[in-house]
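**Q** So you can see what is in the structure, the chains are spelled out below.
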Amino acid sequence: MSQRQIIQVFEQYQKSRFQFVQTVADLALRPQNIEILQNAGVMSLLRPLMLDVVPSIQQTAALALGRLADHSDDLAEAVVKEDILPQLVQSLASQNRFYKKAAAFVLRSVAKHSPELSQAVVACGGVDALVLCLEEFDPGVKEAAAWALGYIARHNASLSQSVVDAGAVPLLVLCLLEPEMALKRIAASTLSDISKHTPELAQTVVDVGAIAHLAQMILNPDAKLKRQVFSALSQISKHSVSLAEMVIEADIFPAAVSCLKDPDDYVRKNVTTLMREVVKHTPELSQVIVNCGGMAAVIDYLGECRGNLRLPGIMMLGYVAAHSENLAMAVILSKGVPQLALCLSEEHEHHIKAATAWTIGQIGHHTPEHAKAVATSDLLTKLLELYMDASSSEDLQAKSKKALKSILQKCTYLPGLEPLLYDVPSNILKYVVCQFSKVLPNDSKARRLFVTSGGLKKVQEIDAEPGSSLQEHINAINSCFPEEIVRYYSPGYSEVLLQRLENYQPA
Amino acid sequence: MAELLKIKSEVEEFKKEYFYRNSQAEENRQREYQAANRIQSWFRACKVRAYLSHLHKKAIIIQRIWRGFTARARFRQMVKAAYFIMKMNFYEEMAIRIQRRWRGFFVRKYIHNYYARKSYLEGLSRKNELVRMELAELEELQKRERDCVEMVKEQTAKVYQAHRLHHLLSTKQCPGVFNSPFRPAPHEMELLLRQVKYQAPARLDSRGRACLMGILGPTAPSFPGTLGSQWIKTTGTCCSSKPILPPISSKKQQGLFREPGEVWEQRMLCPDLTLRLQTSYTHLEEAQNQLRHKYIRLPTGKLGTGSMLHHLSHSSNSFTQPAYAKSLR
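Residue numbers (UniProt numbering), protein chains in the order written: chain C, 1 to 507; chain Y, 1 to 329.
The shape of chain C in the complex, shown without the other chains (with noise of 0.2 Å):
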């Protein structure tokens, strides 16, 4: 045979090498196609051909092999127990950036499914190899390296400090400030899974400093790079009053506000969960941001959007107004508990709706001010529901319960608390009656209303242990009316006077 002959037969085998490894990572695009290709023995077939000769032909196995290994869970683990990830850290630090993006982006679908995993693609030493990747000129090398340092770091502590080991964390934040959009976009959110798990990664994250680049991004015109970054931010302030102060300085507030009226919705969502973050620490925190506007512009975006994108908000407003009576003041003076209530009617969720009675129940337990401002928008009667109704789940009852008690102690509106003279079980009823008994004595008006509204009736209808102190609040509120009234509105009057009268001779 001659020397062409022989070639041809290398390229053919080449050619077909290569059509079989872009055929498989097209058909590894369509989910249904998987399972036949896994039951086929993809895995095996493609490790081999991962150490070929052509690199076209090794990056399109490595693409193929990241591929399968995002779809499923098994395949993943199968590509662990094949020690195929060994040989992809190896040929990461030599091969040119086709490559790296797909070994990348196989480390990648392996990490994002577990914790256990990820920890298998940082034993082979992945997170190194990685951070190397991150030192590159490509953006795209950059992009996939930094996606998958964020899946890694995503799981737990542990793995996320590996990653700041690493050295991760200043190569990442040169990354935010590269021009392209999506490399980005990856920074944010692999700063963002990072910082969440414990207040020292956020710390290693804020020394760089991330706040400053972070901070600049917040007026960018794209969307997603505005979720990620006030997704960073949340994380970064959750941990405690002085990183929440350090995200306070890099001046985000007036500026974020301008982003609740942002047309995607989950940009929404990460701006109010990062005023959440921020004011659930300290009073003055939360003065900072109700004096810029923020409550207003959350309490407007409560009523624009629906389900569980409102949990933020509402946790917002309850931790404002449980700092000071001021604040909550200033929650109820921006119209924040109509809208409250509209959301407690509005939602099915419980664990919403548990979130709302808390908030409601922070209100109002400050002064009798705060308690008639709940009290007329006729929130009392909803809670009472809440609490009562057998469907709800325990923490809501429970949370509704607790927000009844704090206001009642406080209420001394009486339209108010009469409808809670009826059927109301009588841990609720001793609170009702005992404020009652403390507003009666002193309010001549008061006291008519309560006789011809039919209330002095109804208390006469309870009947409490003798030596109970709803026994004596009872007894106070009858002392403020004469005898007669009481005695006609007590129960069996009728029969009583009837009795008399057969009992009465004409004299």
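Please keep in mind that the hints were generated in silico from the structure rather than gathered at the bench. Heads up, a few of these hints could be off.
To be verified - Each computed DSSO-like pair below joins lysine-lysine, with the alpha-carbon atoms no more than 27 Å apart:
#1 C:K280 <-> C:K402
#2 Y:K158 <-> C:K224
#3 C:K335 <-> Y:K118
#4 Y:K127 <-> C:K372
#5 C:K401 <-> C:K372
#6 Y:K153 <-> Y:K143
#7 C:K410 <-> C:K438
#8 C:K438 <-> C:K382
#9 C:K457 <-> C:K438
#10 C:K196 <-> C:K112
#11 C:K445 <-> C:K401
#12 Y:K153 <-> Y:K57
#13 C:K410 <-> C:K280
#14 C:K458 <-> C:K405
#15 C:K372 <-> C:K402
#16 Y:K143 <-> Y:K158
#17 C:K335 <-> C:K405
#18 Y:K47 <-> C:K224
#19 Y:K118 <-> C:K372
#20 Y:K172 <-> Y:K143
#21 Y:K118 <-> C:K410
#22 C:K335 <-> Y:K294
#23 C:K438 <-> C:K458
#24 Y:K158 <-> Y:K242
#25 C:K280 <-> Y:K118
#26 C:K402 <-> C:K458
#27 Y:K127 <-> C:K280
#28 Y:K127 <-> Y:K109
#29 C:K224 <-> Y:K143
#30 C:K335 <-> Y:K143
#31 C:K402 <-> C:K445
#32 Y:K57 <-> Y:K47
#33 C:K438 <-> C:K401
Claimed, not checked - Here are some chain C residues the structure puts well away from chain Y; computed CB gaps all over 10 Å:
#34 Q32
#35 S162
#36 L174
#37 T204
#38 D207
#39 M246
#40 K261
Computed from a prediction, not measured in an experiment: that's the story for all the values here. We put the beta carbon where it would ideally sit given N, CA and C, even for glycine.
Please arrange chain Y on chain C, whose structure you already have, making use of the hints.
**A** Using the frame of chain C, we list chain Y on its own:
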């Protein structure tokens, strides 16, 4: 004699009397002695009692005066103390009044300042209103921008369609699809077709852009750059990453300006930078030499020239002087 007898008889009587008296006196002696004793002791007692009572009286006087003195001193002290206490009570009461007023003032002004809280809450409501208004405006603005962009996109798409369907333009003979004779006025597509200038589809990215620029002037005055990039996006994906700049308009500048290329060259003209000087290092000496040689050729011996020669020799370097001096001689 009778007297003697009388005396003798009396002697017996006398002796009896004397004995009787003596015996009486003897008998009474004890009694009288005791009585005298008693009287004397009584008298002494009286004396002593008188003395003692005298002493007592005087002592009482002294003690009375002393007690009065101390009591008055103590009383004065008590009065002073009572006065002092009364004064202190008064001061304390006044101080309590001052402190009460001060505490009320301080608490009402700095700690639970009603007016500050009221004005804060009012300010907060105003700020909230402002923020709500501004956010509404911002949202409005953003929505308008988005709508504008959408509209421009639509318009570009329509123009592209018109460009592709240029052949459906109505002619004199035959009314086009969009210009049915039953319609009161031509369809907007027809109008667009009339506006579109047909370009041969040679290089779509540059020529197409140029025609777009020509057409879209009247329709969408803003956003030429975005249109260009959108046009490119719809045709080819390979050049989507590089932003292609609009063509530089080839308008001539008015006035007596030079060509830009010339001006550029003039600005950027670098002189030849070599380490060699334009003139040689010993240029000055050679020039002087030449001058000297010129003067030496005219040895007319004029003093003026001699002095000039002297001048020249003085002005030259010292170590070359001997050479000149030699040549002078």
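**Q** Could you run down the list of hints and mark each one as holding or not?
**A** Results for each hint:
1. A hinted pair counts as satisfied when its Cα atoms are at most 27 Å apart, and C:K280 with C:K402 qualifies at roughly 20 Å.
2. The straight-line distance between the Cα atoms of Y:K158 and C:K224 is roughly 30 Å, outside the 27 Å bound, and the hint therefore fails.
3. Between C:K335 and Y:K118, the direct Cα distance comes to roughly 17 Å. Compliance with the 27 Å bound is thereby established for this hinted pair.
4. Distance restraint check for Y:K127 and C:K372: the Cα-Cα separation of roughly 24 Å lies within the 27 Å cut-off, and the hinted pair is therefore satisfied.
5. Note on C:K401 and C:K372: the hinted pairing holds, with a Cα-Cα distance of about 18 Å set against a maximum of 27 Å.
6. For the suggested pair Y:K153 and Y:K143, the alpha carbons sit about 15 Å apart, so the restraint of at most 27 Å is met.
7. This hinted pair checks out: C:K410 and C:K438 have alpha carbons roughly 11 Å apart, not beyond 27 Å.
8. Straight-line distance between C-alpha atoms of C:K438 and C:K382 comes to about 24 Å, which keeps the hinted pair within the 27 Å bound.
9. A threshold of 27 Å between alpha carbons decides the hint, and for C:K457 with C:K438 the separation of about 18 Å falls inside it, so the pair holds.
10. For the suggested pair C:K196 and C:K112, the alpha carbons sit about 17 Å apart, so the restraint of at most 27 Å is met.
11. Using a Cα cut-off of 27 Å, the hinted pair C:K445 and C:K401 is violated, with the two alpha carbons roughly 30 Å apart.
12. Distance check on the hinted pair: Y:K153 and Y:K57 sit about 136 Å apart at the alpha-carbon level, beyond 27 Å; violated.
13. As the CA atoms of C:K410 and C:K280 are separated by approximately 24 Å, the hinted pair is consistent with the 27 Å bound.
14. Between C:K458 and C:K405 the CA atoms are separated by roughly 21 Å; this keeps the pair inside 27 Å, and the hint holds.
15. Pair hint C:K372 plus C:K402 holds up; C-alpha atoms about 17 Å apart against a cutoff of 27 Å.
16. For the suggested pair Y:K143 and Y:K158, the alpha carbons sit about 22 Å apart, so the restraint of at most 27 Å is met.
17. Of the supplied pair hints, the one linking C:K335 and C:K405 holds, its CA atoms being roughly 23 Å apart against a limit of 27 Å.
18. For the hint linking Y:K47 to C:K224, the alpha-carbon distance of about 133 Å lies beyond 27 Å, and the restraint is violated.
19. For the hint linking Y:K118 to C:K372, the alpha-carbon distance of about 18 Å falls within 27 Å, and the restraint holds.
20. Proposed proximity of Y:K172 and Y:K143 is contradicted: the alpha carbons are some 45 Å apart, above 27 Å.
21. Distance restraint check for Y:K118 and C:K410: the Cα-Cα separation of roughly 21 Å lies within the 27 Å cut-off, and the hinted pair is therefore satisfied.
22. Note on C:K335 and Y:K294: the hinted pairing is violated, with a Cα-Cα distance of about 108 Å set against a maximum of 27 Å.
23. Between C:K438 and C:K458 the alpha-carbon distance is near 17 Å, which keeps this suggested pair within the 27 Å criterion.
24. Straight-line distance between C-alpha atoms of Y:K158 and Y:K242 comes to about 25 Å, which keeps the hinted pair within the 27 Å bound.
25. At most 27 Å may separate the alpha-carbon atoms for a hinted pair to count; C:K280 and Y:K118 meet this at roughly 25 Å.
26. Between the alpha carbons of C:K402 and C:K458 the distance comes to roughly 25 Å, so the proposed pair stays at or under 27 Å and holds.
27. Distance check on the hinted pair: Y:K127 and C:K280 sit about 22 Å apart at the alpha-carbon level, within 27 Å; holds.
28. A distance of roughly 24 Å separates the Cα atoms of Y:K127 and Y:K109; the hinted pair therefore holds under the 27 Å criterion.
29. Proximity of C:K224 to Y:K143 is assessed by CA-CA distance (about 18 Å); at most 27 Å being required, the pair is judged to hold.
30. Distance check on the hinted pair: C:K335 and Y:K143 sit about 26 Å apart at the alpha-carbon level, within 27 Å; holds.
31. With a CA separation close to 31 Å, the supplied pair C:K402 and C:K445 exceeds the 27 Å bound.
32. Distance restraint check for Y:K57 and Y:K47: the Cα-Cα separation of roughly 15 Å lies within the 27 Å cut-off, and the hinted pair is therefore satisfied.
33. Under the criterion of a C-alpha separation no larger than 27 Å, the hint pairing C:K438 with C:K401 is consistent with the structure, at around 22 Å.
34. At roughly 27 Å from the closest C-beta of chain Y, the C-beta of C:Q32 stays outside 10 Å, upholding its exclusion from the interface.
35. In this structure C:S162 is separated from chain Y by more than 10 Å, as the shortest Cβ-Cβ distance comes to about 35 Å.
36. With a least beta-carbon separation of about 22 Å from chain Y, C:L174 lies farther than 10 Å from that chain, consistent with its non-interface assignment.
37. Non-interface status of C:T204 relative to chain Y is upheld: no Cβ of that chain comes within 10 Å, the nearest being about 34 Å off.
38. Residue placement check: C:D207 keeps its beta carbon more than 10 Å from all beta carbons of chain Y (closest about 34 Å).
39. With 10 Å as the threshold on Cβ separation, the claim that C:M246 sits away from chain Y holds: the shortest Cβ distance comes to roughly 25 Å.
40. Not every beta carbon of chain Y lies more than 10 Å from that of C:K261, the smallest distance being close to 4 Å; the non-interface claim is violated.
The structure fails to meet hints 2, 11, 12, 18, 20, 22, 31 and 40 from the earlier list, while all remaining hints are met.
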